[in-house]
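J.: Put the two chains together into one complex, using the hints given.
Those sequence lines, one after another, are chains A and B. Numbers 1 to 354, taken from the working numbering, label the letters of the first sequence in order. Numbers 1 to 369, taken from the working numbering, label the letters of the second sequence in order.
Nothing false has been slipped in among the hints.
Straight-line Cα separation of at most 25 Å, PhoX-like style, residue types lysine-lysine; simulated pairs: (1) A:149 to B:367; (2) A:149 to B:365; (3) A:153 to B:225; (4) B:4 to B:365; (5) B:204 to A:182; (6) B:367 to A:253; (7) A:115 to B:367; (8) A:57 to B:365; (9) B:365 to A:115; (10) A:182 to B:201; (11) B:367 to A:57; (12) B:83 to B:72; (13) A:153 to B:4; (14) B:225 to A:152; (15) A:149 to B:201; (16) B:367 to A:152; (17) A:149 to B:4; (18) A:270 to A:311; (19) A:149 to B:204; (20) B:201 to A:171; (21) B:281 to A:182; (22) A:152 to B:4; (23) B:204 to A:172; (24) A:251 to B:367; (25) A:172 to B:201; (26) B:225 to A:149; (27) A:171 to A:153.
Keep in mind the hints are simulated off the structure, nothing from the lab.
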Amino acid sequence: MIEQRFKCPNCQEIATFYGNPGETKVVTCAACNTKGRVIIPGEKQDNNVAIEVSHLKKVYDDLIAVNDISFTVKKGEIFAFLGPNGAGKTTTVEMIESIRTPTAGAIRLLGADTKTGFNQIKERISILPQEFHSFERFTVRETLTYFSKLYKKRANIDEILDAMDLQSHEKKLYRNLSGGLKQRVGVALSLVNDPEIVFLDEPTTGLDPKARREVWQVIANLRNKGKTVFLTTHYMEEAEHLADHIAIIHKGKIIAEGSLQELLTTYGEKTTLYIKNCHSEDARQLLEEKGFEAHSSGNGDIMVKIDYKEKVLEVLSELRHECIEYDGVDIRGSNLEEVFLRLTGARLTEEAET
Amino acid sequence: MNLKIVGTDFLYSIRSWTRSRGTVFWSLLFPVMLILLFGAIFSGMGESKYTLYVQDLDNTDMSHSLVTILNKTNVLNIKNVTKNDDITKYIKDNNIKNLIVIPEGYENDITRSFSDPSAKVNITYYFDPTETQTNQILRSVISSVLEGLNMQLTQGKTIIGLTEQSTVTENFGFIDFFIPGMIGFTIMQQSIYGSIERNTKFRKDGILRKLLTTPITRSEWILAKMLFMLFLAFISTSVAIGVGVLAFGIKVNINLLTIIIVIATSFLFSGIGMIIGRFVKEEETADMAAGAISFPMMFLAGTFFAVESMPSIIQIIARALPLYYVNEGLRNAMIYMNQTEALINGGIVLIFAAIFFIAGVILTKWKED
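With the rest of the complex left out, here is chain B (with noise of 0.2 Å):
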């Protein structure tokens, strides 16, 4: 391995990087115009299913009722958290969204309220702060249904109260859930497009037939292209912060954890570009082969809305992306700081980067059939 050649292939792709007004554009403006766009615009998206989890402490007949009640709306889907579970933890850990927690005593306060009129009992519910719009429809819901039971127990006083809790200490926002997921996009895109560049349109020029017939090998050419990746991979990462710190004022953590998921998501889509590139001969055909895989996962894998947002068959597609543990790890690692999660999705991340980087750099080819 000659460092120097891998040194000067690094240095003079950057060079003619900063040439091209498109590249820098669509690498670095691009991303920073959708950051304050739809920053400006969204500050959260309805869901059309909402998952419900419930902790009931109490475990009588009337918590039963309760949960029976909401289950009966249709809207919700009920999921129960056993009652050992410590509640915090287990948001955390679990990345819940939202949850109910009855409380033990929840039957002898409405009991007791009967004959003390002060007695009361709260139910408290946890929610996620990111997904204004689905909050507002589960605390509508969970109202009416808890104002139908203060009727018909009471008519119309407030025994069974709700109390809200956040289920992040911070208080997050659309752009806290968006600019992680803006970072792998504009990875993803610059990822797949450079290894098509390199791939389609060099070998169509002869600049590969001619680097073969010079003493770089493949392996010093491949290890150059890969620190320019990267070195725009960590640019651009830079900017979407820098922007949302300064226009949004979001609070970021830069951790190991970040920079390994940034890392493996630039080897990762640099070996999607490679296999499209050895597939698709023509320059126009494999851009477009790339469009037909970034895009649809650019919306599917949760870089603008929620997943949990999206019909579950959806949800089940997008569980099957890339891009979707890329945006969910760096969210966790960046913005939410639950290194647990984030470290199960950088983990899948750097799992598919090792299978797509290895099969792309076997299926690289400088020479011709």
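Chain A extracted, bound-state conformation (with noise of 0.2 Å):
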């Protein structure tokens, strides 16, 4: 990712994100808020790409489950594709992995057209798909090893146990292993043919908070070995603490693209002051004669937006110059959950429990 500056057409401000040669972004203006798109000058690096979708479709009778996205998947960068459930992750990953067929658009694979060339990159990429369970009665090493002689080439079983903390485990049947540990094993499946490109589809769905790390530490490692990945996602966490890259589809289109920090900066709320246990009426009055977008949270929480992090001191020292008392203070940055609820009006974690 290079940064790149453009001006905005209608206030003439200049401004800088982030994109590569021959990309085209949609950039906000920061002063004056004008969206608009912007193709990147210069040539397409191509042999940089893993991955590179276009105007993909699929449609069940009535129903668009994709609807004409595009995306490009660098290589070595965990890419998250984040959204509800329903949204059409996993119709979208399938499409890519050759397990469903689109109804429009092409996908490449590695510089492959996967409607003609799929069977030729099978050796180059590796999938966990989503609620995999393996062969019941093999072992943690034996279930390495069958998906391992399905491959010319083939990574070591020693090293993959080594890499995902399995050893201990190597000789317990799958189906006794914990939910964590399952999701690790099919991690581990991925890796059996040392593959470029490993796609996970949600892997820590059903997974309790520890395991879940579990599995994030294994995903980074996986990047820190150089591998791509392709993770669908409806945890907003699990984006953010992975993703290089992130990609937000609601109801079969991509609605938001870019880095963590790009998505907060052209989509995010203002950083929120939490005041804690300040039951004062004249307090949220006082701040908003100040100038505040301040408001009360119900349970004696006064929530202030500020634009940045040294009005803190500002909002306290208002506070203190009034003898207002409280309890203490809470600066919340914006999130993907915020990111993704100004985009739909909907909140994701309620949209994935639907």
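T.: So this is what it looks like as structure tokens:
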């Protein structure tokens, strides 16, 4: 990613964003909020592209599951495909993996068109399907050995067991493993052919927070090994924690795309200062009079929107000046949840639960 | 076709199978238990309708009269065999269970008996010794008819006697009938449920999606699984025969036809399992669908009881079921040594196998819609 500059055609302000030559980006002017599409000049560098999806569409009778989406995934990055359940994530990833046939559009994996050349690149990719359960009566080592024998290029099983911290479980039957261990075995399976691209479809769904973090560590290690990871998830923290690049999909369309920082900058809300247990209506009025956007939370807290963190001292000094008491403060920055809320009017977690 | 991949999958399938106590039980011990249980309990089952073939070599008024009387009992369904047929060959070729032969000179001998007290005539009754209860009933009906005739002709002196002869050269019992049926039933169960596991459980668990993105092809996978199913089929056949030989002392002929029928049966029911797995997505529903197909087939197709002992409408249904031909084919090939019948039944099994297996392979998809 290279820093790019553009001049807003509305207010003439110069702003910066990140992208690569040949890419088309949607940018928003920070000064006047004008949105526009910018084509970054220069030749597109395909040799750095692992996955290229253009105008992909999947239609089932009356339902448009995936609606004309395009994106690219760079080699060596973790690409998070974030969206609620039913948004079209799995349909998209399964079209990329050639498990489903697209209604329209083109997909290139490592430069090969999947319509004609998927068999040639099977050796170079690996997938962990959603809700994957391997053969129940194989041990962990046998599971890895079985799948590795399907490929010509084979990674060292001991190294994989070691890297995934599975050595102590290698003789256990798959069916006797915990959910977290099963998912770790699933990710380990994705490495048996030493692939260049690893697709992980909702790898942490149904896991407890501890197991989820263990899987996150495993996925982060894949990036350290130089693998390209295509991760679908409906957990915003997962995308925030792992992804280099995030695409948010909603109702079959990509509604935002970029790095975490780009998404937060472009679509995020202001930082919120929570003044804890400040039961004074006067305080809220005072802050509003001083030009701050302040709201009562209903549980005694006052929430104040601030543009930058330096404003915190200004708010607190106003309260001290009026001798208003409170228990403490909490500063919360914007997150993907808010980005999704702002873009769709719905909360990601609520949609995910439906 | 990468045979190394096929071999790997085959060996791993066996390893996985040996670790499932439930599967081993249902594949091997359950049939053994049934063989021991049924073998001990049953010696034959009664019929509700009795077909009796009659060869009238005399072709006189008196012989016609005997046939008419037999017919009038309303217990027998008389079918005529022409005079020119070689009776031994006819019985073997047509798998005849009950037949009487009215000898040439029947009328003469009876007439002669009025003046010569030593004159006698014997009706020969050919019967299948594996169907004890049926034989008892038929023997009783025929004897009663002959007794009535003797009474009518001579006030009780026996002129018309009954000679019995087995339709088979060896003395077969229920267990000889039952073991081939049990082999057919076991292969059917293994193949249908094995196919369903591969097509519904593996689909639900994402294993088929995973395999689709690996270098193994669908045909390599199916070939590996079929090798495994054949391995199971031969194991269970060997166990059933072993129990039959050791526990009941049956005599079994293992020949090429038996092996072909066992192979064809495995392909046939694997194909049916694939078809079920294609249309029924849920594992539990697929199991129920398999049960709905295999259980009636088990009872109707002559696994436990001879189809001939069932009502005629059921017999028509039975002859539409592939398991019937498997059972008949195996019995004729392994036990009765009636190779003509075995060949006919084996041929029908092969046709069924080709149709269902090809349809199953075509319908089995790894790709999602």
